[in-house]
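Kindly generate the complete structure, drawing on both the sequences and the hints.
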Amino acid sequence: TEPFDYPLERLEVVDITAANFHEHRTQIMDVGTEHYGSLTQRAPTTRRNGGQRLLQLPCDMLEATMSNARAIGVALRDVVSGRFVAYPLGSALEDHDEEGVASDPCFGDNNTFYLHATAARQSMQNHLAVENLLLDVIRIRVLTAGFEYISALIEERVQQTGPQWLQQARVIQAVDNYLRSGIRFVYLQLSSEKRQGPRVTIAADTAQ
Numbered sequence: 005t006e007p008f009d010y011p012l013e014r015l016e017v018v019d020i021t022a023a024n025f026h027e028h029r030t031q032i033m034d035v036g037t038e039h040y041g042s043l044t045q046r047a048p049t050t051r052r053n054g055g056q057r058l059l060q061l062p063c064d065m066l067e068a069t070m071s072n073a074r075a076i077g078v079a080l081r082d083v084v085s086g087r088f089v090a091y092p093l094g095s096a097l098e099d100h101d102e103e104g105v106a107s108d109p110c111f112g113d114n115n116t117f118y119l120h121a122t123a124a125r126q127s128m129q130n131h132l133a134v135e136n137l138l139l140d141v142i143r144i145r146v147l148t149a150g151f152e153y154i155s156a157l158i159e160e161r162v163q164q165t166g167p168q169w170l171q172q173a174r175v176i177q178a179v180d181n182y183l184r185s186g187i188r189f190v191y192l193q194l195s196s197e198k199r200q201g202p203r204v205t206i207a208a209d210t211a212q
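Quick note: to get my numbering, add 4 to the position in the sequence shown (first position is 1).
A hint or two may mislead.
[Unchecked claim] DEER-style ranges, computed between Cβ atoms:
| # | residue 1 | residue 2 | range |
| --- | --- | --- | --- |
| 1 | F111 | S85 | 36 to 42 Å |
| 2 | D9 | R161 | 16 to 22 Å |
| 3 | E16 | A106 | 34 to 40 Å |
| 4 | A22 | A106 | 21 to 27 Å |
The hints are simulated quantities; they were obtained by calculation from the structure and are not laboratory data.
Beta carbons are placed, not taken as given, at the ideal position from N, Cα and C, and that holds for glycine.
Right, dumping it as structure tokens:
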């Protein structure tokens with residue numbers, strides 16, 4: 005795919021819910037396929053051991069996450085083409101059992117949002133700017149919903165290139181070669197003192 009630039013002013017926020025997930029599932033999986041396909045190219049070992057398939061969560065699993073009571077999901081959609089270019093979603097920490105969750109210091113307190121999945125089209129020339137906007141949007145949604153903390157198991161690269169609040173998050177655990185993918189992941193937690201920050205100025209599309 006030829007690199008393409010999606011100006012941030014052309015992106016709108018679409019709220020993903022249990023009610024409309026089925027409507028958007030094809031676009032969500034398309035974004036994920038492109039994202040994790042790019043990971044395969046960056047880490048050749050995934051070609052040999054199936055790491056790409058392991059890293060890309062099945063659609064049914066994402067839909068199950070969105071069915072949880074406190075689930076939050078958003079997508080960024082290009083207003084010109086109508087294409088989704090990125091998404092994150094998750095729900096309360098206690099809904100999940102990924103590596104690191106059980107040892108999370110907030111597990112059982114019911115005050116932490118777990119970022120279960122996030123992906124962005126890597127063919128975008130400005131994919132880092134889009135990823136950072138995406139992370140800022142989901143963070144505002146999460147904190148507005150009343151969660152006190154955010155935890156995530158994500159590519160170390162995403163933390164290193166992410167917004168300042170993400171770079172400053174506490175790394176609880178590092179996982180080399182996560183799921184035999186050849187990629188280093190980190191389990192991190194955004195602590196309460198890092199909650200305050202500038203608001204994201206992007207209009208939300210409330211149409212389902």
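Taking the hints in turn, this is what the structure says about them:
1. F111 x S85: 36 to 42 Å: Holds - the Cβ-Cβ distance for F111 and S85, about 41 Å, lies within 36 to 42 Å.
2. D9 x R161: 16 to 22 Å: 20 Å, holds
3. E16 x A106: 34 to 40 Å: With Cβ atoms ~37 Å apart, the hint holds.
4. A22 x A106: 21 to 27 Å: Since A22 and A106 have Cβ atoms about 25 Å apart, the given range 21 to 27 Å holds.
The structure meets every hint from the earlier list without exception.
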